[in-house]
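This is what each chain is made of:
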Amino acid sequence: MIIYDYDACSGCQECLNVCPRGVWGFSKSKNKAEILNSKKCIDCTSCEFQCPVRAIRIEKTLIPKSPQILGQPD
Amino acid sequence: MKKGWKYYACLLGSHLMWPVLAIKSDQGLISFNGADSDSPVLVTTDYYMTVYRVTQAIEDQNLRCHLLVVDGRGINVWCGSRGGSVDTDSVLAAISSTDLEHRVSHRNLILPQLAASSVSKVVLSDNGWNAVFGPVEIENVGEFLENENKKSPEQSIAIFSIHRRMEYNLAHLTFETIMFLMITPIFWVLSFMGGPLLSWHSYWMTNLLLLLIGVWILGTFMALVDPLMPTSSGYVRGAITGVLALAVWKMVLLVFSFFSVATVVYEWAWLDASGLTILGLSLFVGFNWGGSTPQLGEGQMIRDIIAGIASLVVLFALGFYFPTGLF
Ligand code: SF4
Ligand code: SF4
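Chains as they are written, first to last, in the numbering used here: chain S, 1 to 74; chain W, 75 to 401.
Quick caveat, the hints were computed from the structure, so don't treat them as lab data. In this text, a Cβ means the ideal position worked out from N, Cα and C, and glycines have one as well.
Result set (BS3-like, lysine-lysine): computed pairs, CA atoms no more than 30 Å apart in a straight line:
(1) S:K30 with W:K224
(2) S:K40 with S:K65
(3) S:K65 with S:K32
(4) S:K28 with S:K40
(5) S:K28 with W:K225
(6) W:K224 with S:K28
(7) S:K65 with S:K30
(8) W:K225 with S:K39
(9) W:K225 with S:K32
(10) S:K40 with W:K225
(11) W:K224 with S:K40
(12) S:K60 with S:K30
(13) S:K60 with S:K32
(14) S:K40 with S:K30
(15) S:K32 with W:K224
(16) S:K30 with W:K225
(17) W:K80 with W:K98
(18) W:K98 with W:K77
(19) S:K60 with S:K40
(20) W:K224 with S:K39
(21) S:K65 with S:K28
(22) S:K39 with S:K28
(23) S:K39 with S:K65
(24) S:K39 with S:K60
Which chain W residues stay away from chain S? Per the calculated CB distances, all over 10 Å, these:
(25) G78
(26) Y82
(27) W92
(28) L137
(29) V178
(30) F261
(31) T280
(32) V326
(33) T337
A few chain W residues that don't get close to chain S, going by computed Cβ distances all over 10 Å:
(34) D100
(35) E133
(36) P259
(37) V299
(38) A347
All chains, full assembly: derive it from the sequences and hints.
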């Protein structure tokens with residue numbers, strides 16, 4: 001499961017750069033990463049490990065869960 | 075690079091048998107096409123097949139660059155990074171042992187993208203090295219260098235091409251063949267314990283060749299149709315393939331019986347020894363196949379293991395005694 005702190009994201013796009021499954025997208029207008037396809041995530045933790053502001057956490061769960069996004073304005 | 079015995083040993087999956095059998099390349103710095111101190115430095119791990127592929131791609135694209143081969147305990151970048159065989163320290167150790175800072179005038183490294191779960195750009199930067207992650211497929215590295223170390227979104231995504239799938243398949247099926255050759259005498263010895271185990275006595279020995287043919291057919295089918303499968307679960311892939319194979323097998327038996335009513339009823343009513351064997355083999359192959367694809371997450375793998383063990387327990391409780399049928 002992806003836990004993403006939208007507020008903390010600095011827009012560096014490193015998560016897009018390292019994700020081998022195309023899970024992440026990017027909103028130019030908001031300068032924030034966005035989760036495009038969480039079902040494709042294989043918990044490889046590359047995005048979590050490389051995010052410079054620690055805005056991503058990957059939690060390995062037995063039952064698949066939808067991502068948790070913190071601080072995203074409605 | 076010539077395709078010597080090491081290449082074929084990797085192709086046949088020697089690393090799957092036992093990690094110590096993983097075939098390594100020499101570590102160090104290799105320079106290509108007259109690379110000088112300004113040339114870029116690519117990084118990879120010391121699994122022989124990885125170094126072979128990277129070298130081949132560099133030569134094919136005629137790139138003027140250096141290749142830093144770091145200690146990854148002979149494991150490929152993807153598995154090594156996820157399994158902890160390669161990390162930032164391995165890269166720093168290779169930089170120091172090759173005296174890289176005196177051999178190049180810049181401080182830039184191009185890391186393999188699939189090492190991103192264990193090699194930290196931040197720590198490398200703290201040590202004076204600017205690292206970027208290159209494309210997943212080494213074939214795109216020439217374009218990446220031309221575009222000033224930028225890649226397209228597609229170049230970040232791991233693709234499981236038919237060529238790669240057939241290669242993985244060969245390694246896995248060789249491994250599974252050796253496993254079958256090893257477990258057959260074990261089951262044969264166990265059969266001397268008597269009771270329901272007695273039914274194993276001749277089963278494994280007499281059917282070994284058929285079992286192996288079955289494994290190769292099922293594995294190759296799974297590798298071919300991989301992109302068409304609705305899920306990444308190895309268990310579900312095995313189950314789908316098994317049910318299809320079972321239907322084909324029963325149809326073949328029906329044709330051979332000239333569609334006699336009794337046979338039709340009999341063939342479809344019983345999950346007999348051959349039927350159970352096909353399903354069991356398919357689950358076993360699917361399980362192994364799932365584990366080797368780059369689409370399988372750890373959570374899914376654990377769910378598959380639980381489902382596999384639960385199925386065996388339920389079948390056993392119902393009296394289905396794999397692989398020899400109802401007892
Ligand atoms: S790596 Fe972190 S900071 Fe950079 S875009 Fe992704 S979430 Fe935002
Ligand atoms: S854990 Fe891996 S697959 Fe999942 S989003 Fe992050 S980089 Fe992509």
